[in-house]
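Please model the entire structure based on the sequences and the hints provided.
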Amino acid sequence: MTWDRVAIVEQQLDRYLESAEPASARLPADAPLTEAGGLTAGAALALFEDQLTSRQLDVAARELKKTNRSFYTIGSAGHENNAVVGARLRVDDPAFLHYRSGGFVMARARQLAGSTPTLDTLLGVVASSQDPISQGRHKVWGSRPMWIPPQTSTIASHLPKAMGLAFSLARARRLRVETELPSDALVVVSFGDASANHATALSGINTARYAVRMGLPMPILFVCEDNDTGISVPTPEGWIASSFGNLPHLRYFLADGELDEVWTAVDAAVEYVRVSRQPAFLHLRTVRLWGHAGSDAEQSYRSMAEIARIEARDPLLRNARRLVELGVATPAQLRDLVRDTRARVQAVAEEAARRPRLQTTEEVVAPMAPDHPDRVAAEGRRPQVNTEVRVGSFGGHLPEEATLPTARTLAGCLNAALADELLRRPELIVFGEDVGRKGGVYGLTSGLQKRFGPARVFDTLLDETSILGIAQGAAHIGLLPVPEIQYLAYVHNAIDQLRGEAASLQFFSSGQFRNPMVVRVAGLAYQKGFGGHFHNDNSIGALRDIPGLVLAVPSRGDDAARMFRGAVAMAREDGRVVVFLEPIALYHERDLHVEGDAGWLVDYPPPPDLLLPGEVGVHGATDEDADVLLVSYANGLRLSLQAAKRLADEHDLRVRVLDLRWLNPLPTDAIRQHAADVGTVVVVDECRATGGGVADAVVADLAEHRVGRRWSSVRAVDSFVPLGPATAAVLVGVDQIVSTAVAAVGRRRTATSNS
Amino acid sequence: MTRAAVAFPGPGSYGPRSLGTLPAEHRWVRAADAIRADLGLPPLAEIDAADRFDPAVHLRPANGWPLIFLAGLLDAERIADDHEVVVAVASSVGWYTALAAAGVLDVADAFRVVQQLGLAAEEPLEAGPTAELVYPLTDAAWEAVPDRRAAVDAALEHADDGVVPALELGSHVVLGGLSSALGEIAATLPSVTVGSRTFPFEAAGHGWHTPHRALSAARAREGLGELRWQRPNVALVDDRGVRHTPWSADTSALAEGALVRQPSTTFNFASAFRVALREYAPDVVLLPGPGASLGGACAQLIVGEGYRGIRSRQELEHTQAGRSPILLSMRR
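If you read the sequences in order, they're chains A and B.
Everything in the first sequence is counted per this note's numbering, starting at 36 for the first residue and increasing by one.
Everything in the second sequence is counted per this note's numbering, starting at 462 for the first residue and increasing by one.
Check the hints yourself; a few may be wrong.
[Unchecked claim] So the derived list for chain A, only partly shown, Cβ under 10 Å to chain B, looks like this:
#1 L80
#2 A81
#3 R145
#4 T151
#5 L154
#6 L369
#7 D371
#8 L372
#9 D375
#10 V380
#11 A387
#12 R389
#13 P391
[Claimed, not checked] Simulated restraints, written as ranges between beta carbons of each label pair:
#14 B:A605 / A:A735: 44 to 50 Å
#15 A:S59 / B:G564: 21 to 27 Å
#16 B:S713 / A:S311: 29 to 35 Å
#17 B:V606 / A:E385: 28 to 34 Å
#18 A:I43 / B:S713: 38 to 44 Å
#19 A:E53 / B:V655: 53 to 59 Å
#20 A:G292 / B:G564: 31 to 37 Å
#21 A:H740 / B:D600: 44 to 50 Å
[Stated by the list, open to error] Not close to chain B: a few residues of chain A, all C-beta gaps over 10 Å, as computed:
#22 A55
#23 E360
#24 R625
#25 G652
Please keep in mind that the hints were generated in silico from the structure rather than gathered at the bench.
Quantities reported herein were computed from a predicted structural model and do not represent experimental measurements.
Backbone N, C-alpha and C fix where the C-beta goes; we use that ideal spot for every residue, glycine too.
This is the structure:
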């Protein structure tokens, strides 16, 4: 007697097919299985084939694992009725699939001539560089020609972007942006019953319903594949139906039972979404066979009797019985099919295992962060707007005509830059909390909705996860989203949308899918009169830690306008995800040293002038006689310039100040060059001392490359930012910069004199 | 038992060395010649028995296509028992051989189809004479040359609507259309010499697999009456790379593909063969006759796919010379 559950389930099907009697009459291929249903005998057999192939892919993955040739054993066994969803939708209905979607993918591939889903799937399982979607970077369900953007889907983080794409279909058409998708396309997104509890899942579903309430089209089919279990934890009975069965603005469909019954329910749900352009929740009842993954010892949390009961509900067994009983096929035919599929998939698995794998670091990271500065610069200069149109849009006066004393603040420059990019790029959309009618909490988007219309500049609900989900979905189909996250602290509420999803898309799809975007975030500390951590957050480590993410942090208004254009061009040309972090405290700052000096006002640089990563700002002593180099960014730049003046006035020191502008990737070449020139370096980092800010990175890079002679830093205290005057106790101040610089120069002099 | 794929050849495969290979007394040959007699066509047994190869006789679709059909089918019948055929593909009108071999049509019906279509291909077109243009897409080492595909695509973009890739072989593309339009395209494609032949190479062509033959095929269909289409007894991969299995094949789709789509659209053998390799993982590829000309295209597709770790011409030739060749021609 075997305890191998794979063998037991396989034998269960074999035994049935050996012992079953054929039906007395055969059903012709074009006859429906039941009088009421739409599933024909021919289509049912095709579905059963796809389900069998999916099942054998799971078997093959586990077999290959035994000889260490596969790296992924999370399977679809028990979920194969999702093939019905795959068959009922079209290849141009974008599909965001969870990891048990073998049946769906086999059925969808049937609709695409020349597709090879068996080998493609196994190439993913063996992590081959020939896997057509991830090229060996992950086992994902994905395909460019079948419109399946790859997901890892482990934490339901794909629901918000699926919702975002559904929202964007109509929006793109309204803006006349080509999407390659037909006007009646719908989006499908699948997830498990346990995953349905994730905040991200609830975010996506909630926002879809909210859209209906707002009168917006939201053609999305949520498919909850309910196998009653989250790894080892049972889902309470009836949880999914009771949680999602009666929600306003979300039509609920239950798909359960035999193949033809599942077809009828799926058919109704698809039709509802297709026609009404409103969201539906398809509750697809499944079972999970063979544990969560190959490594999961199901016996440790389920009794054998329980496991056997679940196995008795194997959908392949049930479907086989249905096909035989209704005369769709004879047991002998199905025996042949099973035997043929097993041999076929096994042979294909052996072929997959021979295929090459990624070898080098270069191969692995190749698609992660495309970087073509020349092409980006050219792209940034390309969109032309007639001067008359600009003059009209800006109300008769171009922003660059305003010079001292009416020159612009950082907020003024960014507002004008946003307007210019909206003028230059019809696919660009601006959205977030309060950005529309109010024009942003700090007025950054003031007047833009009126000028460019609510289709392009719009308010969203208060949910950062959904804002970033909308951005991703919109970007998938050719829109260029510029979402705003109101405060840096709020990014952390939704950061996985950037980390796990947006930034990883090119990596996991080998650059075949991209979601270019520029995420504007208001942040950092030093606000006068508006205190507390959540509006003064200075933690950027979580952003700097995301592979491939570009982090831009302007300080001056003119830089901000040019950097914004660079960021947009990078998104457009290289598909990059850019976070554009704007220092709130400098938005409306006018002065540098003393009140009324207007030292922080600038002239607006008209388009298409732009800045790209690596291009730093240099202030103060630019000759080689400088005594100290202050390396900083954002508020730190202004503080450093103030400190530089005092160091000159009070200590007779010549100071060069370097504005990094880009914190990811860091402009290391420029930093090294200036450090080599000056020798003594003080990094002024307004972010938390050990929070993954730039000070550690800059000092380490200079030390490792033995550039410069002395390296010091001033950093904010490892603390949340308190309210009121106490902020000064944790943030970097000018006194601190001055004393550190003086000490550093002193030490240098000492070191020199000792040598 | 080895898993075998079978690749049936198309027009051009019946050459001088094929003469005299048809067993005149075989029931299929006699049945075929009876059908031809009714149509006033000379017996194939006689044509095959000619002393010398005459392109005007042997390459005529009304003669050549039926010859290819019978030769291929006779070879398929003698595939040894130690091969389990898991999938069949075909090049161009070799598809009708595949349909008969897989039992989709019985032999007589399949023969009538190929005979009628062969006649249809000879109908003069009002638009003028047709031709074919052959152009290589790989170099002497069988490496793909993307520039050549780009040149073909660019040429087609500016060409007359009726010029299309008639046959995609992977190693070569065969463009089909009106002679006049093809002449213009030939002038724009960079000249390439492979071995002793210079490309683009213009060949006689009948406009098959181009829109020009849609009407001819429609007329031929009228003459065919009702045909009995069955599910295949082995998986088939068609001209677009679509799989048709013994269990779920849609017979009306097979009929539509064979009689409506294929005569007037691109036949993508490269896609079909690639799907056969990737989805059926055969141990060997059997090449029924006539001739062995499809072997070259198959070999290059195997190398292009890196199938079984064979990633170069040299590796393929090494495999072929070894104890377990992957390509087995039935006409050596």
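Query raised in the report: What are the numbers of the hints that this structure violates, sorted from low to high?
Result: Going through the list in order, the structure violates no hint and respects every one.
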